[in-house]
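**Student:** Start from the sequences and build out the full structure, keeping to the hints where you can.
So the sequence lines, in the order shown, correspond to chains A and B. The working numbering puts the first residue of the first sequence at 107, with every later residue one more than the last. The working numbering puts the first residue of the second sequence at 107, with every later residue one more than the last.
Think of the hints as simulated: they come from the structure by calculation, not from any bench. Please note that the accuracy of each hint is not assured.
All copies of an identical chain are treated as equivalent in the list; a pair is satisfied when it fits inside any one copy or across any two copies.
What the hints assert, rightly or not - Computed list of lysine-lysine pairs in DSS-like fashion (alpha-carbon distance at most 25 Å, straight line):
no. : residue 1 : residue 2
1   : K233      : K319
2   : K319      : K302
3   : K117      : K297
4   : K302      : K254
5   : K162      : K117
6   : K117      : K294
7   : K319      : K254
8   : K233      : K297
9   : K254      : K162
10  : K254      : K297
11  : K297      : K319
12  : K297      : K142
13  : K162      : K142
14  : K254      : K233
None of the values given here were measured: they were computed from a predicted structure.
Protein chains: 2
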Amino acid sequence: MPRRPSYRLPKIPEMTIRRLSVYTRCLLQLEEDGVKTVSSQELADRFTLNSAQVRKDLAYFGEFGVRGIGYYVSGLKAELQRILGLDREWAVALVGFGNLGSALFHYRGFGRQGFRIAAIFDDDPAKVGREVDSTPVFPSRDLGREVKARGIQIAIVAVPAEAAQAVTDQLVAAGIRAVLNFAPARLKTPKDVRLKNVDLSIELETLSFYLAKGAR
Amino acid sequence: MPRRPSYRLPKIPEMTIRRLSVYTRCLLQLEEDGVKTVSSQELADRFTLNSAQVRKDLAYFGEFGVRGIGYYVSGLKAELQRILGLDREWAVALVGFGNLGSALFHYRGFGRQGFRIAAIFDDDPAKVGREVDSTPVFPSRDLGREVKARGIQIAIVAVPAEAAQAVTDQLVAAGIRAVLNFAPARLKTPKDVRLKNVDLSIELETLSFYLAKGAR
Numbered sequence: 107m108p109r110r111p112s113y114r115l116p117k118i119p120e121m122t123i124r125r126l127s128v129y130t131r132c133l134l135q136l137e138e139d140g141v142k143t144v145s146s147q148e149l150a151d152r153f154t155l156n157s158a159q160v161r162k163d164l165a166y167f168g169e170f171g172v173r174g175i176g177y178y179v180s181g182l183k184a185e186l187q188r189i190l191g192l193d194r195e196w197a198v199a200l201v202g203f204g205n206l207g208s209a210l211f212h213y214r215g216f217g218r219q220g221f222r223i224a225a226i227f228d229d230d231p232a233k234v235g236r237e238v239d240s241t242p243v244f245p246s247r248d249l250g251r252e253v254k255a256r257g258i259q260i261a262i263v264a265v266p267a268e269a270a271q272a273v274t275d276q277l278v279a280a281g282i283r284a285v286l287n288f289a290p291a292r293l294k295t296p297k298d299v300r301l302k303n304v305d306l307s308i309e310l311e312t313l314s315f316y317l318a319k320g321a322r
Numbered sequence: 107m108p109r110r111p112s113y114r115l116p117k118i119p120e121m122t123i124r125r126l127s128v129y130t131r132c133l134l135q136l137e138e139d140g141v142k143t144v145s146s147q148e149l150a151d152r153f154t155l156n157s158a159q160v161r162k163d164l165a166y167f168g169e170f171g172v173r174g175i176g177y178y179v180s181g182l183k184a185e186l187q188r189i190l191g192l193d194r195e196w197a198v199a200l201v202g203f204g205n206l207g208s209a210l211f212h213y214r215g216f217g218r219q220g221f222r223i224a225a226i227f228d229d230d231p232a233k234v235g236r237e238v239d240s241t242p243v244f245p246s247r248d249l250g251r252e253v254k255a256r257g258i259q260i261a262i263v264a265v266p267a268e269a270a271q272a273v274t275d276q277l278v279a280a281g282i283r284a285v286l287n288f289a290p291a292r293l294k295t296p297k298d299v300r301l302k303n304v305d306l307s308i309e310l311e312t313l314s315f316y317l318a319k320g321a322r
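**Tutor:** In structure tokens:
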């Protein structure tokens with residue numbers, strides 16, 4: 107048992123959360139294939155997961171398995187979606203509509219998981235005032251107003267590094283609760299605003315690690 | 107001890123590899139700030155890491171700490187870069203030059219870590235034959251030839267989902283050794299070709315998890 111004051115819930119590792127997302131995708135796939143129940147071992151075998159890890163991750167949230175049966179695919183999927191907050195729609199602000207912002211806007215995975223980009227912010231006069239697939243593009247000075255009016259809680263930052271902190275400060279002032287940052291900049295947010303930095307070169311580095319290892 | 111046949115080296119968790127990338131960035135930062143030595147605890151405090159985790163991750167690769175001193179910042183950084191294969195340049199193919207491909211091409215982090223996009227492939231006649239910042243754009247039929255001629259070992263796939271497997275098959279046939287896939291598609295590669303899928307919605311889901319938790 108972790109040695110923590112008993113009034114705190116156990117801290118759930120972020121990697122567990124990421125894996126819940128992966129499990130949800132696997133369960134969706136099984137559901138599509140008409141599979142009704144699955145054991146942690148079958149899940150592990152089919153999707154190259156670790157069955158002990160699956161059980162440990164799920165144990166943070168409750169007892170989902172049924173002895174002799176395993177997990178009910180649809181039931182577990184719905185539970186995980188609820189835990190991940192995917193049983194509702196989240197209005198998202200996209201700040202920065204350059205190449206990356208545009209690619210993120212059209213990224214199909216977001217909508218599929220209930221993330222709806224409700225407003226785009228960009229200061230390029232050629233973009234402001236337009237609509238992209240019915241989503242309006244506002245100048246960043248309208249950020250506070252639109253974030254509040256549209257009930258936006260999550261923002262994606264896809265502006266150049268040098269603009270990222272200023273934009274984030276505006277988002278925080280507007281009452282945003284979580285920021286997904288793609289700008290290669292170290293951002294500061296208050297403690298109650300969750301910040302997640304996406305560093306795309308880390309993905310390449312896991313590959314070069316294995317290639318370099320093979321060459322050693 | 108893991109129960110494995112003794113002739114196999116311990117399998118290093120991918121999360122350890124990802125964290126080595128993070129540690130490398132922290133050490134670069136410390137080096138810039140003129141810090142010469144650092145303990146795992148100081149490293150953890152400054153960059154919100156877990157000091158026991160730092161020690162455990164590094165222990166896979168050797169004894170880096172010096173009793174009473176900690177780690178030599180520059181030395182450890184150089185070691186980690188070597189382990190991650192960042193002590194050399196990797197020629198990378200970028201397949202797909204739409205919004206996402208273009209954003210990835212201009213992503214500054216890649217070049218900084220030694221990943222050089224040596225060739226772009228796209229079948230759009232308006233793009234083929236052009237150069238982007240001195241990098242040539244080829245039609246995908248030239249993929250085999252150019253990958254070999256340019257010594258490319260890593261490919262980034264940024265094409266639409268429906269084109270991703272065909273492109274990957276071509277890359278594999280051309281002798282590529284690792285694929286970083288951004289297309290929302292399940293790809294198949296032979297065992298000796300490393301495949302890494304980037305699912306950008308997982309990043310958003312870790313945020314919605316915390317927001318949903320706060321609301322429960």
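**Student:** Are the hints correct? Go through all of them and say.
**Tutor:** Now for the hints, and whether the structure bears them out:
no., hint, result
1, K233 - K319, "neither (46 Å within a copy, 36 Å between copies)"
2, K319 - K302, "between (29 Å within a copy, 16 Å between copies)"
3, K117 - K297, "within (16 Å within a copy, 36 Å between copies)"
4, K302 - K254, "within (21 Å within a copy, 38 Å between copies)"
5, K162 - K117, "both (14 Å within a copy, 20 Å between copies)"
6, K117 - K294, "within (22 Å within a copy, 36 Å between copies)"
7, K319 - K254, "between (50 Å within a copy, 21 Å between copies)"
8, K233 - K297, "neither (33 Å within a copy, 45 Å between copies)"
9, K254 - K162, "neither (39 Å within a copy, 45 Å between copies)"
10, K254 - K297, "within (20 Å within a copy, 50 Å between copies)"
11, K297 - K319, "between (39 Å within a copy, 16 Å between copies)"
12, K297 - K142, "neither (42 Å within a copy, 30 Å between copies)"
13, K162 - K142, "within (22 Å within a copy, 40 Å between copies)"
14, K254 - K233, "within (22 Å within a copy, 41 Å between copies)"
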